[in-house]
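Colleague: Here's the letter readout for the chains.
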Amino acid sequence: MLQIENLHATVGDKPILKGLTLTLNAGEVHAIMGPNGAGKSTLSYVIGGRPGYEVTQGSVTFNGQDLLDMDPHERAAAGLFLGFQYPVEIPGVSNVQFLREAANAQRKLREQEPLSGGEFLKLAKEKAALLKMDMEMLKRPVNVGFSGGEKKRNEMVQMGILDPALAILDETDSGLDIDALRVVGDGINSIMRAPDKAVLLITHYQRLLDYVQPDFVHVLADGRIVKTGGAELAKQLEAEGYEAIAA
Amino acid sequence: MTNPLPSNRNEAWRYSDIAAVEAAWPLPDPENIMVPAGGDFARAIIQESGTIHQINLTIGAGANAAIHVLNIGGAYGRIELNVTLHDGADFNLGAVQIGGETQTLEIVTTVTHAEPNATSNQIVRSVLAKKATGSYLGKVAVARDAQKTDSVQDVKAMVLDRTATANAKPELEIFADDVQCAHGATVGELDKQALFYLASRGLPPAEAKKLMLQAFVAGVFDGAQAQEEFTDKALAKLGGLV
Ligand SMILES: Nc1ncnc2c1ncn2[C@@H]1O[C@H](COP(=O)(O)OP(=O)(O)OP(=O)(O)O)[C@@H](O)[C@H]1O
Ligand SMILES: [Mg+2]
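Taken in sequence, the protein lines are chains A and B.
Residues in the first sequence are numbered consecutively from 23, following our numbering.
Residues in the second sequence are numbered consecutively from 1258, following our numbering.
Certain hints may be false.
[Said to hold, decoys possible] A few chain A residues that don't get close to chain B, going by computed Cβ distances all over 12 Å: (1) HIS30; (2) ALA48; (3) GLN87; (4) LEU145; (5) LYS147; (6) SER169; (7) VAL205; (8) LEU255; (9) TYR264.
[As the list claims (entries may be wrong)] List of simulated lysine-lysine pairs, DSBU-like, C-alpha gap at most 35 Å: (10) B:LYS1467 to A:LYS130; (11) B:LYS1467 to A:LYS219; (12) A:LYS161 to A:LYS173; (13) B:LYS1467 to B:LYS1388; (14) B:LYS1387 to B:LYS1467; (15) B:LYS1467 to A:LYS147; (16) A:LYS154 to A:LYS219; (17) B:LYS1467 to A:LYS154; (18) A:LYS161 to B:LYS1490; (19) A:LYS219 to A:LYS173; (20) A:LYS40 to A:LYS249; (21) A:LYS161 to B:LYS1449; (22) A:LYS36 to A:LYS219; (23) B:LYS1449 to A:LYS130; (24) A:LYS144 to B:LYS1449; (25) A:LYS154 to A:LYS130; (26) B:LYS1388 to A:LYS130; (27) A:LYS161 to B:LYS1387.
[Claimed, not checked] Which stretches of chain B does chain A cover? Using the computed rule of at least three CB atoms under 8 Å from a CB of chain A, they are: (28) 1438–1452; (29) 1455–1463.
Read the hints as simulated data drawn from the structure, not as lab findings.
Beta carbons: idealized from backbone N, C-alpha and C, even for Gly.
Hey, can you work out the whole structure from these sequences and the hints?
Modeller: Okay, here's the thing in structure tokens:
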């Protein structure tokens, strides 16, 4: 589904990704762990096409398409979803309004019929309920005044509504309380656990991986994948730290 | 009375397109509006064809006046309001100007709190693209015994291209001591992080910008007589800029 080959990328002329190679197949869940500043968020932004993140070498292929050749909104329509480490607040723009426009813009690019107001609202209600988020919050301006945990939950509601094929979730678990972590974990499984979907979880902690069990765990350090293992690698990292394992 | 043609050296015409003013010269007499004591007045002005509106508005004791402005059309569009408030009067201005190409759009106000206890509230939002110039010059004058004056000037401009110009000049001239005057002016650009966030959800760049600009001007027309027409025309104009 996703092939990243020898990816090099710079941010403000500073090399951050330095030859990263990673393959995700449909039906798989991968976790990426790694020290602060290793380049995990950078990887998610490069895949998402954020301006200012420049690819200097390598390729990213998504379902056979050259992802790097597409605009961010085209990547979304192709089935990519980014869960942000720091979801952005957008004053004055309501969640439901923007999500409906976004969903229909994606459908238009895919040559599908738009969702009617009623259809969209039904879908939004269903996903808000799945993530135990109050519908009223979904009517408020995007993330404005939301607590850290509420923002993360909102990311997952958005993912549920947009129904992507590939989700890259950057520290979706950080900021969540113990109960919210279970709700979000169950939400990820229910939305993304399917033979034709894949998930890349960026996380610092084992906790989320208890709910969303990864098929592979990678360690990203200094812009590269330096180690790959199964679910047990996360436990080992938690017990022993990066220095011991990835050095 | 024949006024001389203003030049850019005249403070109130500092950013004006003088050639356009000259073409329209001599201007018709300003419109004079008197709102009687205790009265209610509302006016909606949509400037679509490049005209100069000059209004002298006197608001009697305890009376209210609300003016809504959408300044979007023509090469040069100017709305000039000279407002005088008497005891306990209330003045509200909600104005949006949206310019592209080489348009020059301006809103010039002088609000005089001549007597105590009056309130004035001006909200102005400008969106400027390409080589457009949008200006707000707003003077609030508070007379010597106009105690308990409460005056707000809330002025924001959004510049979509580096080649566009926004001028914002809220000004206070206060001769009383027991007054509350809040004025703020900001000029900004669309938040790039927010635009990427919206794009990452599938919104094409133009749609994302339009959504954010819609939010930027939202609320200004609340309660306007022709609120729907204002909103529709503002959105249509924004749609053409992004
Ligand atoms: N605009 C920028 N200019 C220069 N350096 C940047 C810029 N943005 C990020 N960086 C640097 O890139 C490196 C990688 O950052 P990134 O956010 O990808 O790390 P991360 O692995 O996600 O870390 P964390 O675990 O703390 O979230 C950091 O050293 C960071 O300081
Ligand atoms: Mg990060």
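Colleague: Compare the structure with each hint and give your call.
Modeller: Structure-based check of each hint:
{"no.": "1", "hint": "HIS30", "verdict": "21 Å, holds"}
{"no.": "2", "hint": "ALA48", "verdict": "21 Å, holds"}
{"no.": "3", "hint": "GLN87", "verdict": "16 Å, holds"}
{"no.": "4", "hint": "LEU145", "verdict": "14 Å, holds"}
{"no.": "5", "hint": "LYS147", "verdict": "18 Å, holds"}
{"no.": "6", "hint": "SER169", "verdict": "18 Å, holds"}
{"no.": "7", "hint": "VAL205", "verdict": "21 Å, holds"}
{"no.": "8", "hint": "LEU255", "verdict": "29 Å, holds"}
{"no.": "9", "hint": "TYR264", "verdict": "29 Å, holds"}
{"no.": "10", "hint": "B:LYS1467 to A:LYS130", "verdict": "18 Å, holds"}
{"no.": "11", "hint": "B:LYS1467 to A:LYS219", "verdict": "32 Å, holds"}
{"no.": "12", "hint": "A:LYS161 to A:LYS173", "verdict": "14 Å, holds"}
{"no.": "13", "hint": "B:LYS1467 to B:LYS1388", "verdict": "19 Å, holds"}
{"no.": "14", "hint": "B:LYS1387 to B:LYS1467", "verdict": "16 Å, holds"}
{"no.": "15", "hint": "B:LYS1467 to A:LYS147", "verdict": "26 Å, holds"}
{"no.": "16", "hint": "A:LYS154 to A:LYS219", "verdict": "23 Å, holds"}
{"no.": "17", "hint": "B:LYS1467 to A:LYS154", "verdict": "31 Å, holds"}
{"no.": "18", "hint": "A:LYS161 to B:LYS1490", "verdict": "25 Å, holds"}
{"no.": "19", "hint": "A:LYS219 to A:LYS173", "verdict": "24 Å, holds"}
{"no.": "20", "hint": "A:LYS40 to A:LYS249", "verdict": "15 Å, holds"}
{"no.": "21", "hint": "A:LYS161 to B:LYS1449", "verdict": "23 Å, holds"}
{"no.": "22", "hint": "A:LYS36 to A:LYS219", "verdict": "33 Å, holds"}
{"no.": "23", "hint": "B:LYS1449 to A:LYS130", "verdict": "24 Å, holds"}
{"no.": "24", "hint": "A:LYS144 to B:LYS1449", "verdict": "31 Å, holds"}
{"no.": "25", "hint": "A:LYS154 to A:LYS130", "verdict": "29 Å, holds"}
{"no.": "26", "hint": "B:LYS1388 to A:LYS130", "verdict": "33 Å, holds"}
{"no.": "27", "hint": "A:LYS161 to B:LYS1387", "verdict": "34 Å, holds"}
{"no.": "28", "hint": "1438–1452", "verdict": "holds (count 4)"}
{"no.": "29", "hint": "1455–1463", "verdict": "holds (count 8)"}
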